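S.K.: Take the two lone chains, each set in its own frame, and fit them into one complex as the hints suggest.
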Amino acid sequence: MNNLPKTADVVIIGAGLMGCSTAYELAKKNVKNIVVLDKNAIGSGATGQSSGVLRGHYSYPILTRMAVQSLETFKYANEILGNEVGYQPVGYMFGVDHENIETLKKNVEMQKKNGVNTSIVSKEAVKKEIWPELDTEQFGAFAYEPEGGYGDPVLTNQAFADAARALGVTIKQHCGVKRVLTSDDGSKVVGVETVDGQVISTPYVIVAAGVGAHHIMKNVGVNVPVKGQRAQLIYISPGASLGKVPSFGDFKHDQYIKPEVSSGHLLLGNADHADPQYIDPADYDADQYPKHATEAAIEKAIMKFLSCFPSLEQAKLLASYSAAYEVTPDGIPFISRTPIVGAYLCTGFSGHGFKIAPSVGKLTADLVLVGKSKQEGIDLAPFRLSRFEENDLLLPDHPYTTTVNSHV
Amino acid sequence: MNIVVILKQTFDTEEKIIIENGEVVNDNAQLIINPYDEYAVEEAVKLKEVHGGEVTVITLGRSEAESALRTALAMGADNAVLIENEDELSLDEQGIAKILAAAIKERDFDIILGGNMSVDNGASQVGPRIAEELGIAHVATIMKLEIKDSFVKVERDVEGDLEIIESGLPILVTAQQGLNEPRYPSLPGIMKAKKKPLERLDIEDLDISEDDLQPKSKIIDHYLPKKKEAGQILKGDIQAQVKELVLLLHGDIKPV
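Line order of the protein sequences matches chains A and B.
Under the numbering used here, the residues of the first sequence are numbered 1 to 408, in order.
Under the numbering used here, the residues of the second sequence are numbered 1 to 256, in order.
In case anyone wonders, no lab produced these hints; they're calculated from the structure.
Hints may be right or wrong, so weigh each one.
To be verified - Cut-off 20 angstroms, straight-line C-alpha distance, at most; resulting in silico cross-link-like pairs (SDA-like, lysine to any residue):
| # | chain 1 | residue 1 | chain 2 | residue 2 |
| --- | --- | --- | --- | --- |
| 1 | B | Lys195 | A | Met303 |
| 2 | B | Lys16 | A | Met303 |
| 3 | A | Lys227 | A | Leu306 |
| 4 | A | Lys300 | B | Lys16 |
| 5 | A | Lys300 | B | Ser67 |
| 6 | A | Lys300 | B | Lys195 |
| 7 | B | Lys194 | A | Pro310 |
| 8 | A | Lys316 | B | Lys195 |
| 9 | A | Lys291 | B | Asp12 |
Just so it is clear, the structure is predicted and the values come from calculations on it, not from any experiment.
So here's chain B without its partners, still in its complex pose (with noise of 0.2 angstroms):
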């Protein structure tokens, strides 16, 4: 099975975010393989273990998603693929979805698997644009998927239900957390992940018109939430509290 994982480079969750100048600044945040694109790497390392094939992950990013691509390659997948943006083009997921679009054209696929959403951006557009602009099915959020001879079966979360889907290859999936338990690379697997093939394009390389990849939309600005006020504590014996709280209720504050 020839099997191709779209995947993006975000700052880990886990960071405090800066912003400055409504941009995101962050220069020392741990960077990480978006959490829903982890899902798709370890259900396409999986599909190869079962089927036979080979699994290219593809990044559109700065230099540094090399190592999130070399993570991948440690999780199991055989070659990567790293579209710089050079010119530092402004892009939205219109554009985005182009150029990984582009690139996947040029290659055999059976399947691309993708997350459902990036927890930066949080677009949840690049998978379904992607499979828009190759002309194939796609089915997103999916919590399990079944493929036999060019059978495919997937299950996908439908927010409260699940919806049994069948298709044929060639079809685009994005995975929603539950799709599986991403393995952690294994220490020879890191090793063995430096050797194994990257290549580094840029857009201009691709065959994507300049017009194709105007934004079609605009962020306007970035800002975190405000923050939020301390809570009160309230003091006395129990009698004094519930006295207090009541008044409150009544008065100061409106219950949401």
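Next comes chain A alone, as it looks inside the complex (with noise of 0.2 angstroms):
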């Protein structure tokens, strides 16, 4: 941890992919002296726990905006940023049960509008050309985005801290922030210091750091509701050739799938948050917190995927392993100032961050740098950090009451 910078124009706390968007963001306005700290490696946080789906549909239109124009950075992420990310366009599938079809339908009209490219498809059309081993009579309707699927995260990862690098921003691994400094009236930011006492003045700091921007800020006066929260997904072989299978959004079983092109090999994911395992901050920061999933998750997991899937006996289990959220009372991210001047949040992005995290970094620059939003349709408020006292909540127009996911 020799050679770090003594002062900076901005230091942002976190490489993961916030981190290194926002860095990139930034240098790409012409801020010079980036600094960017990581407790750990690159993408060693949420971002590498990442499934990686990419898909504009959700039911609040600032965030299916968000998914939109991040989209493009998926897709031309060569040209963009000079690096590969991984993006898969197997498509993006969408399944909701017979309650939800006209919620289904009004989301679906809104995304089109927000420049979605997703429809209605019939399940015959699911069954005959998507996916024929899916038992599709279970449910009542199904959307498709040919342009959706997944990328790969800490790609993804490393591409923007590439592109942010070859800009000037510095990145420094295994420098983790002890806490931030502030003025003597405790009103501003001054500067961080490391773990192992360097100090770096300067004016503005980014807490893109996940679950820990909750003790960074409670160190200096302010309550972030932050927290780690348990997810458990197991991985199979199908047991069969399948083909080309688009990730799907199961929202009858609350269940995710994610599939592997060069193995063609599933990731299933719980959607399910009725019953919410919270980590410990003490645990998550001490990186001491279980790892692999529990049985009980793991039967759960197979036995949607065979409710779903009665054919496909022959799957077989070869991993499953527990990752971490990072979620908010709202499962909405802050992307927000504080009431400590220079002090800003990029976290909380709720198991549901990947695919918006281009546009994120575009947001939190833009607030940074002329305290709003700069992006077309997409305002900063609904992320602030004032929006719970302020009992002023994003809500979706069309919710979905099958879920009780709020991140769809």
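M.R.: What follows is the structure, given as structure tokens:
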């Protein structure tokens, strides 16, 4: 951790997707001396655990717009960032039960209006052309986005990091921040202190540290309600050659499936957050939380899968693991100023950050440079920290009833 | 065929080991079937597929070891036995072997399979000790197993060579890496395994004397290997680096 600069124009805490995307956008706008610090390696937090699903599907118009804007970066990563991000347009399919057919139609209309390439597809079409092994009868309706699919979160993170470095950004890994330093009266940022006692003076700090944002900001007297929530996933071989299948948001069973083109394997993720398990912040910081899935979670995932795909009896369990989302109370992120002048938040992506990361970088850069969003149709107000005390939460126009998951 | 598999639940080899007061402490660690025992389970299931019969998996362990047994059942074993050490007796390989042998003695068996060692203690003793207790032949570290009627032919790894051994039944064999490719449990198999019979016994239930269980060896300490010092990266152009390397080799450090 030697040769850290003594001063910076901006310090970003966290070199995950959000930190690096923000660093890149700030550097593109000619901010000169940007330092990104990570206590571990690039992408070693929530980014590295992300399933990488790409979709425009949201019931929140603003998030849809962010997803649409971001998709351009995934599609044209080579031209924009100069590197591949593992974008696989296998398609994204969304399925609902019979109670939510009308809601799905309304959301698809909204998404179309906001630029998503999507449409309602018939159960027959799903059976014939998209996923023949799926028991479509259980579902009420489907939507399909041909340009959705998945990307590689770590590759994407590295691509942003490289692009940022090419514009002069300094990224230091294995360089944790002990605390944010404020003026004597505590009203504004003056710098950061690293765990080995080095100080970087700066007027601007962006906290893109995931769950870590909570204790970093607590130390300067600001309550940021973000915590680690356990996610449990299983990785299976379908036991049959499925051909091209899409990423699938199954909102009848509250499960999502992400295919892996290179191997034909499937990642099954839980989308039922009725009974969230939280991780103690001290355990999260010490990296001492369970990384393996419980038997109960594995069985649940298996039963949901076999229910959808009764003919895939040869499917095998390859692996399972447990990861951590950084969740906010309403599942909506913080892209926000704080009561401390110069301290900004870019955290709380609650398990759905990957697909909007490029847009988040632009918004955070706008917030820090000009105090408001310059992205068309995307206002920053819904992401402000103060929304809870002002009781002004972002709500979807047409929420689904079958899921307790607040991020669709 | 009556096939018995002895298995042990161990930490995943990927886990970082934590040692406190000379004891291994790992509350969050992933627990798995000892990888060498997995070869044994796979071979047992294959034998059943060829010869018919039943596969019984047995373990001596904590309550958590049930999940290892369920995985074996999901792979195709038929019944499981969990012997719990309720009184937390201190045991070494000698005692463990006596306990497992006592449990196996009560059953009909044609062949017993196990792994050639466990990845935590690496003692490599339990399998052969059980064979001695039961008065049967054993072959350790096998790479290939063929059984036709009561005729057994094994190939075993002797570190650089292959020994071919013929035997009759009953026999105990321990598996070496390369014996087979353990199958991943199928999803329906995992669900079916929940309903397969799993018998719980305590050591007390078995026909062994306290004397027999007395450890004949004692572990004095557990410690982690010393952290390796960082290597030195030589700087400068290639000539400068070569010069410095030569000086280092002649001077400060003596090459091993």
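S.K.: Hints broken by the structure, by number, lowest first?
M.R.: 2, 3, 4
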